[in-house]
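Participant: The chain contents come next:
There are 2 protein chains.
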Amino acid sequence: MERKLHTKETCKQSVTEITDALYVLNGKWKLPLIVSLTNGPKRFNEIQRELKNITPKVLSKELRELEQNEFVIRKVFDTVPVSVTYELTEYSKCLDDIIEALRAFGQQHRERIIGKNKSSSVHEHAAELPEPEYADELEVLK
Amino acid sequence: MERKLHTKETCKQSVTEITDALYVLNGKWKLPLIVSLTNGPKRFNEIQRELKNITPKVLSKELRELEQNEFVIRKVFDTVPVSVTYELTEYSKCLDDIIEALRAFGQQHRERIIGKNKSSSVHEHAAELPEPEYADELEVLK
DNA sequence: CATAGTAGTATCCTGTTGTATACTGCAATT
DNA sequence: AATTGCAGTATACAACAGGATACTACTATG
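Sequences listed follow chains A and B, in order.
The numbers in our numbering rise by one with no breaks, and the one at position 98 of the first sequence is 98.
The numbers in our numbering rise by one with no breaks, and the one at position 61 of the second sequence is 61.
Some hints here could point you the wrong way.
One copy or two, either will do: identical chains are not told apart, so a pair holds if it fits within one copy or between any two.
Stated by the list, open to error - No farther apart than 16 Å at their CA atoms in a straight line, the calculated lysine to aspartate or glutamate pairs in the EDC-like style are these:
{"#": "1", "residue 1": "LYS116", "residue 2": "ASP97"}
{"#": "2", "residue 1": "LYS75", "residue 2": "GLU46"}
{"#": "3", "residue 1": "LYS118", "residue 2": "GLU50"}
{"#": "4", "residue 1": "LYS75", "residue 2": "GLU111"}
{"#": "5", "residue 1": "LYS75", "residue 2": "GLU9"}
{"#": "6", "residue 1": "LYS28", "residue 2": "GLU46"}
{"#": "7", "residue 1": "LYS116", "residue 2": "GLU70"}
{"#": "8", "residue 1": "LYS42", "residue 2": "GLU87"}
{"#": "9", "residue 1": "LYS28", "residue 2": "GLU70"}
{"#": "10", "residue 1": "LYS12", "residue 2": "GLU50"}
{"#": "11", "residue 1": "LYS8", "residue 2": "GLU50"}
Quick caveat, the hints were computed from the structure, so don't treat them as lab data.
Start from the sequences and build out the full structure, keeping to the hints where you can.
Facilitator: As structure tokens, then:
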């Protein structure tokens, strides 16, 4: 149960650092958006198709914010009509560890949930820890 | 500019995995809350004091959600009056990589912003990439 | 000629998140 | 005897994120 961070001071400092990080990456879309750009530049509608359920308004806003934080660069080509691409910057590479950790957790957590649901007849800890309704809590689970 | 994930398929799958992960960890408080519990069990008011600005209503809700996802366990001691502690579960360890990555990024990003603000007289890329108002964008920066 | 695609913007609306304030009932402290 | 701390709940409200739908002006395709 012991972790690397265990003094009161490093712990408080970590809370601040995490808060800073989340301030920049918050919301439902920023990280998925960055991931969807990892295999090269994409155009607006292309992204919208890939990130099922994102509306143009929200996508537009998220892209603007990522641009301001220098994770994404917007390139306009003066074709007729204009075409616009979005691509990741060099700086965005500093997010790779976060993305990889989230990805690994997401994958493992989904498997855990599926396993849980299969053996859901066993309720030994039901009183202390209510059996979560995982099926409703993860959206896709195809 | 090449990363590990670069085929269309692995990229789409990663988006799903990230979405799953964020589904469980979303919001402003869950990760900071978990971090604040890394140096041992804490009581309700103790947490509230440590996480400046969280209201009891929100804290209560966040703790309930973390409990349902089995990251936190709530222990009630029948002292008079009852005392309650919250502590991290074994399973919560699977979040350590995420937390460490976010922490490292948060720390480095804050330093980058401070550096940017010092040399803010240089505006060579102002037209393409508006100089972000970092001072307003990070909340603490004491 | 109608449809589809381009890169978004404009409005309106809902739902969650967060804030503010007050309150509980009991015990220990001042 | 009054205040403080405990672990929250209750109520009302404000703010913001996000969703639904429609629309622009232009071009290419069927």
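Participant: Please go over all the hints and tell whether each is borne out by the structure.
Facilitator: Status of the hints after comparison with the structure:
1. LYS116 x ASP97: neither (28 Å within a copy, 23 Å between copies)
2. LYS75 x GLU46: within (15 Å within a copy, 49 Å between copies)
3. LYS118 x GLU50: For LYS118 and GLU50, the Cα distance exceeds 16 Å both inside one copy (31 Å) and across copies (39 Å).
4. LYS75 x GLU111: neither (39 Å within a copy, 28 Å between copies)
5. LYS75 x GLU9: neither (44 Å within a copy, 25 Å between copies)
6. LYS28 x GLU46: Neither. Shortest intra-copy (19 Å) and inter-copy (30 Å) distances fail the 16 Å Cα cut-off.
7. LYS116 x GLU70: between (41 Å within a copy, 12 Å between copies)
8. LYS42 x GLU87: Cα proximity of LYS42 and GLU87: one copy only (7 Å, versus 44 Å across).
9. LYS28 x GLU70: neither (19 Å within a copy, 22 Å between copies)
10. LYS12 x GLU50: between (39 Å within a copy, 8 Å between copies)
11. LYS8 x GLU50: between (43 Å within a copy, 10 Å between copies)
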